[in-house]
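**Q** Okay, here's what each chain looks like letter by letter:
2 protein chains.
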Amino acid sequence: MPAPNKMLPPSVQRLIEAFARLPGIGPKSASRLAYYLLRAPADVSLELADALRDLKSLTRLCSVCYNVTEADPCEICRDPARDHGVICVVEEPLDVAAIERSRSFNGVYHVLHGVISPMNGVGPDELRLRELLTRVEKSRATGRPIREIILATNPTLEGENTASFIHRKLAGDVLRITRLARGLPVGGDLEYADEITLSRALEGRQPL
Amino acid sequence: MPAPNKMLPPSVQRLIEAFARLPGIGPKSASRLAYYLLRAPADVSLELADALRDLKSLTRLCSVCYNVTEADPCEICRDPARDHGVICVVEEPLDVAAIERSRSFNGVYHVLHGVISPMNGVGPDELRLRELLTRVEKSRATGRPIREIILATNPTLEGENTASFIHRKLAGDVLRITRLARGLPVGGDLEYADEITLSRALEGRQPL
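Chains as they are written, first to last, in my numbering: chain A, 1 to 208; chain B, 209 to 416.
Take the hints with a grain of salt, since some may be wrong.
Taking lysine-lysine pairs in the DSBU-like style, the calculated list, with each CA pair at most 30 Å apart, reads [stated by the list, open to error]:
| no. | chain 1 | residue 1 | chain 2 | residue 2 |
| --- | --- | --- | --- | --- |
| 1 | A | LYS56 | B | LYS264 |
| 2 | A | LYS56 | B | LYS236 |
| 3 | B | LYS264 | A | LYS28 |
Simulated from the structure, these hints should not be mistaken for lab results. Quantities reported herein were computed from a predicted structural model and do not represent experimental measurements.
Pulled out of the complex, with its shape left as it was, chain A reads as follows (with noise of 0.2 Å):
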């Protein structure tokens, strides 16, 4: 961040650095989008400040996959017509958004918040791991066990190693542990997959 321009107004300049704090947006653009903002009809703002204001107080994680919902458990946790014996597990709820665009999924998710990332001091017990394995043992309990574990981590080092840490945890629990097909290009990120190379991969799924 550059030193505050003492020729901006306050509430110009706070605006600014609110903005300049989100990922992706440095000073520049946040003096832009702030300007463009005093410009534009009012309610362009005050749609923006009621949308972020309501974002937490309505949204929550649902209590069984933990994506992110507004209703618990979310739409596809209670949605029948969906495979509950095929849990895909991933490591954002953007993930479960790119996966649904690709209309290859029926079955329901888990979401990790996360991957093991020793660098970042991020260990199992950050994850949503232990609710993954409570839910497999539940659903053995109840007779209805999961069959397949699809583990849909990013393709990169940290994604590999927590897919591997959830293999090893689960081999013996569950019938069939998969990872997507490497239909996706090593490095890269799983949202910003196309739904065409998503369809691949997950028609492309191997065993453990």
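Chain A is already provided as a structure; the job is to place chain B on it using the hints.
**A** Using the frame of chain A, we list chain B on its own:
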């Protein structure tokens, strides 16, 4: 905009749409911002929401130079240490901030809030042009006439045309009418010029 994703909670979808209405933020960046804010501490969203709400209620245009300000007249127009006999005419408030950063100008400003652009249906009456002419006239009536007008519109076709138009209107009324030196790359945008280029452009300004 892609079709709204039914799997996204409505409050998240609403925030994504509000972000995507901003210039330079596509649907993908909008999603990333929304999910970033879901994870970030609540005060990141709330601070941005508050700043957005305050923006329009606290700011107005200076009644002298039409720059964005919280106090009227603005800090620059009130400053007795500035040379009120030299007016730098710019397109946008961000251009004032850019020239102030160059620390090469000690006069005052006049913000047009746009350029003459027949393609976009913007004529002289849509800009703060009449206000500039009145300001020059008034200065002569008070016996402290404007000595110089620097036409610092962008070095684009529309910027040049606007400068020529103002030149024709003011010729004879003002001792000296200048244009920023062509240190600026033609077709570029004044607001993105670095401080040194802007300094040079100010120093080398030429009479029209």
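**Q** Each hint needs a verdict: does it hold in this structure or not?
**A** A quick look at each hint next to the structure:
no., hint, result
1, LYS56(A) <-> LYS264(B), "24 Å, holds"
2, LYS56(A) <-> LYS236(B), "20 Å, holds"
3, LYS264(B) <-> LYS28(A), "20 Å, holds"
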